[in-house]
Amino acid sequence: MTSPWSSAFDLSQALKSRSLRSEQLCQQALERVRCHDSKIGAFLTVDADAILEQARAIDQRLDAGEALSPLAGIPVGIKDNLCVQGQETTAASKILSGYKPPYDAHVISALREAGAVLFGKLNLDEFAMGSSTENSSRQKTHNPWHLDYVPGGSSGGSAAAVAAGLLPLTLGSDTGGSIRQPAGLCGVTGLKPTYGRVSRFGLLAFASSLDQIGPMGRDARDLAILLQAIAGRDDRDLTSSEEPVPDYLGALENVDIGSMTIGLPTEFFEMTLDDEVRQTVMAAAKHYEAQGAKLVDVSLSLNKHAIACYQIVSTAEASSNLGRYDGIHYGHRGPGEDIIELMAKSRDEGFGDEVKRRIMLGTFVLSTGFYDAYYLKAQKVRRLIAEEYARAFEACDVLLTPASPIAGFKIGENMDDPLTMYAADTMTVSVNLVGVPGLVMPCGFSSGGLPIGLQLIGKHWSEADLLAWAWWYQQSTDFHTKHPEAFA
Amino acid sequence: MELDRLQHLAKLARLALRDDELEALAQHMDKIVQAVSTLQDINTDDVEVFNHDDAFAEAEQGPRRLRPDLVTPSLSAEQALANAPKQGPQGFAVPAIHD
Chain G
35 MTSPWSSAFD LSQALKSRSL RSEQLCQQAL ERVRCHDSKI GAFLTVDADA ILEQARAIDQ
95 RLDAGEALSP LAGIPVGIKD NLCVQGQETT AASKILSGYK PPYDAHVISA LREAGAVLFG
155 KLNLDEFAMG SSTENSSRQK THNPWHLDYV PGGSSGGSAA AVAAGLLPLT LGSDTGGSIR
215 QPAGLCGVTG LKPTYGRVSR FGLLAFASSL DQIGPMGRDA RDLAILLQAI AGRDDRDLTS
275 SEEPVPDYLG ALENVDIGSM TIGLPTEFFE MTLDDEVRQT VMAAAKHYEA QGAKLVDVSL
335 SLNKHAIACY QIVSTAEASS NLGRYDGIHY GHRGPGEDII ELMAKSRDEG FGDEVKRRIM
395 LGTFVLSTGF YDAYYLKAQK VRRLIAEEYA RAFEACDVLL TPASPIAGFK IGENMDDPLT
455 MYAADTMTVS VNLVGVPGLV MPCGFSSGGL PIGLQLIGKH WSEADLLAWA WWYQQSTDFH
515 TKHPEAFA
Chain C
253 MELDRLQHLA KLARLALRDD ELEALAQHMD KIVQAVSTLQ DINTDDVEVF NHDDAFAEAE
313 QGPRRLRPDL VTPSLSAEQA LANAPKQGPQ GFAVPAIHD
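Sequence order for the protein chains is G and C.
Just so you know, we're using our numbering here: the first sequence kicks off at 35 and counts up by one.
Just so you know, we're using our numbering here: the second sequence kicks off at 253 and counts up by one.
These are calculated hints, taken from the structure and not from any lab test.
All figures in this text were calculated on a predicted structure; none of them were measured in a lab.
Honestly, I wouldn't trust all of these hints.
[What the hints assert, rightly or not] Not close to chain G: a few residues of chain C, all C-beta gaps over 10 Å, as computed:
1. Asp272
2. Glu300
3. Asp306
4. Gln331
5. Pro341
[Said to hold, decoys possible] Below, a list of computed lysine-lysine pairs in the PhoX-like style, where the Cα atoms sit at most 25 Å apart:
6. G:Lys444 / C:Lys283
7. G:Lys73 / C:Lys338
8. C:Lys338 / G:Lys174
9. C:Lys263 / G:Lys134
Glycine included, each C-beta is placed from N, C-alpha and C at the ideal position.
Input sequences plus hints: build the corresponding full structure.
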């Protein structure tokens with residue numbers, strides 16, 4: 035019996051030595067899902083037969099001594115906005131109920147090639163629009179640390195599955211914080227890579243200049259294993275970069291904390307946030323300082339405009355991207371005497387309220403007479419935000435901030451107040467606007483027992499450094515090893 | 253936001269929202285539009301719009317390469333129609349587009 039809290043790295047070693055078989059590991063994971071997921075609601079679909087078939091196939095290859103990647107035989111959960119050929123992929127929306135993609139997303143092909151076991155589809159806010167996973171049309175997901183609380187969003191299922199020890203690794207996506215904020219709230223480690231580091235081919239698009247797919251898991255070393263498999267150029271997504279992919283696992287030990295300068299953006303710590311969050315995150319900064327890192331104050335004064343900028347850009351792009359859901363080619367079809375009525379009814383019946391709100395706002399900011407004042411303006415402010423980040427990075431190697439202004443909120447608490455819900459992303463949205471990478475990991479707990487996350491924001495293409503700095507922190511602390519007693 | 257503007261936006265967005273739904277949406281839209289209008293206070297004279305290419309240009313490989321303009325295998329008609337809500341003899345069946 036393998037511990038459900040084993041890292042992917044340790045599991046990989048055991049699988050390679052054949053002291054553990056993938057079929058055994060996946061049977062155990064399926065049993066834990068059967069026992070616990072009714073309370074958590076992380077999974078939308080789990081096809082046990084398909085999972086075990088993959089596991090047995092990998093076991094045969096490992097038995098034969100094939101040299102496979104460290105991911106071989108490891109079960110990896112998939113956020114349900116990533117296309118898996120022949121498997122229902124819904125983006126947690128009624129409009130895609132029953133939809134089975136005719137192709138794999140790039141990251142799915144990459145996982146298959148690495149020998150990973152694709153393990154189920156995980157819950158999310160509908161079309162990744164949300165910060166609590168409450169906008170899913172299918173079910174609520176509960177925070178394993180406190181079941182009355184949200185897991186964060188939109189990758190709430192992906193975060194909760196790792197937090198509850200159901201899976202060692204999952205894939206999420208991040209448009210305004212949707213990997214990092216749930217990682218913080220669920221006490222797991224998550225990374226949004228640099229824009230263009232991972233191909234978006236086969237990701238059901240929300241906002242094309244902001245979306246990135248990224249790994250979530252127990253620690254930075256496990257994230258390195260998963261990122262290695264999915265990073266790199268893909269000609270099917272021309273926004274993906276040919277920037278060479280380093281050896282992320284190998285780079286983990288290349289860290290000299292004494293030469294590290296950490297920027298603390300003043301505005302991120304002066305805004306309204308929980309005192310416990312501020313104190314806990316500052317303690318983490320001091321932990322780096324105690325080992326020789328230099329702490330400097332930097333200014334990101336335009337961060338107060340980041341949410342507004344993000345609201346305009348992301349909804350504009352979403353209104354365009356979601357135009358493809360028209361009731362004609364796939365998905366839900368409503369009634370209609372003519373083509374326009376058919377499209378309009380299909381979309382009205384198929385989309386949830388938050389999605390409709392965002393489509394309407396996006397349509398407004400792109401409409402004649404308002405495009406210059408809103409969309410064009412936001413894209414110019416976005417450049418100013420990016421320039422401010424560039425100036426901050428002249429003074430430091432990495433930025434350190436809280437992952438979220440609060441340690442958590444209850445299910446239902448913010449559903450009637452969208453503006454408060456949007457504010458949950460205050461720490462994270464500017465990272466997507468600029469395109470730099472951001473990593474979140476646990477650095478403590480609130481007095482109520484909820485995890486508190488810290489965020490490291492790096493320069494473009496600095497994923498190897500972020501993972502190394504995070505791994506150093508995790509080797510000298512133990513917050514990432516804690517798990518909720520209810521799922522021990 | 254006036255009802256007729258919301259009706260126009262709903263038509264552009266192809267969303268069959270009833271007037272009572274639009275009125276509820278109006279309150280939300282007003283709050284959001286007011287919140288995002290704070291960007292008007294920022295001076296963006298002579299500022300270019302953002303694009304990611306600047307970051308790509310800093311990368312070792314330089315600006316993004318386009319792929320060769322070559323036809324490669326795509327979906328078969330059968331694959332493309334597999335999720336169709338309604339199929340006709342030669343493709344997706346839809347109501348009449350023109351009278």
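Violated hints, by number in ascending order, as checked against the structure: Hints 2, 3, 4, 7, 8, 9 not satisfied by this model.
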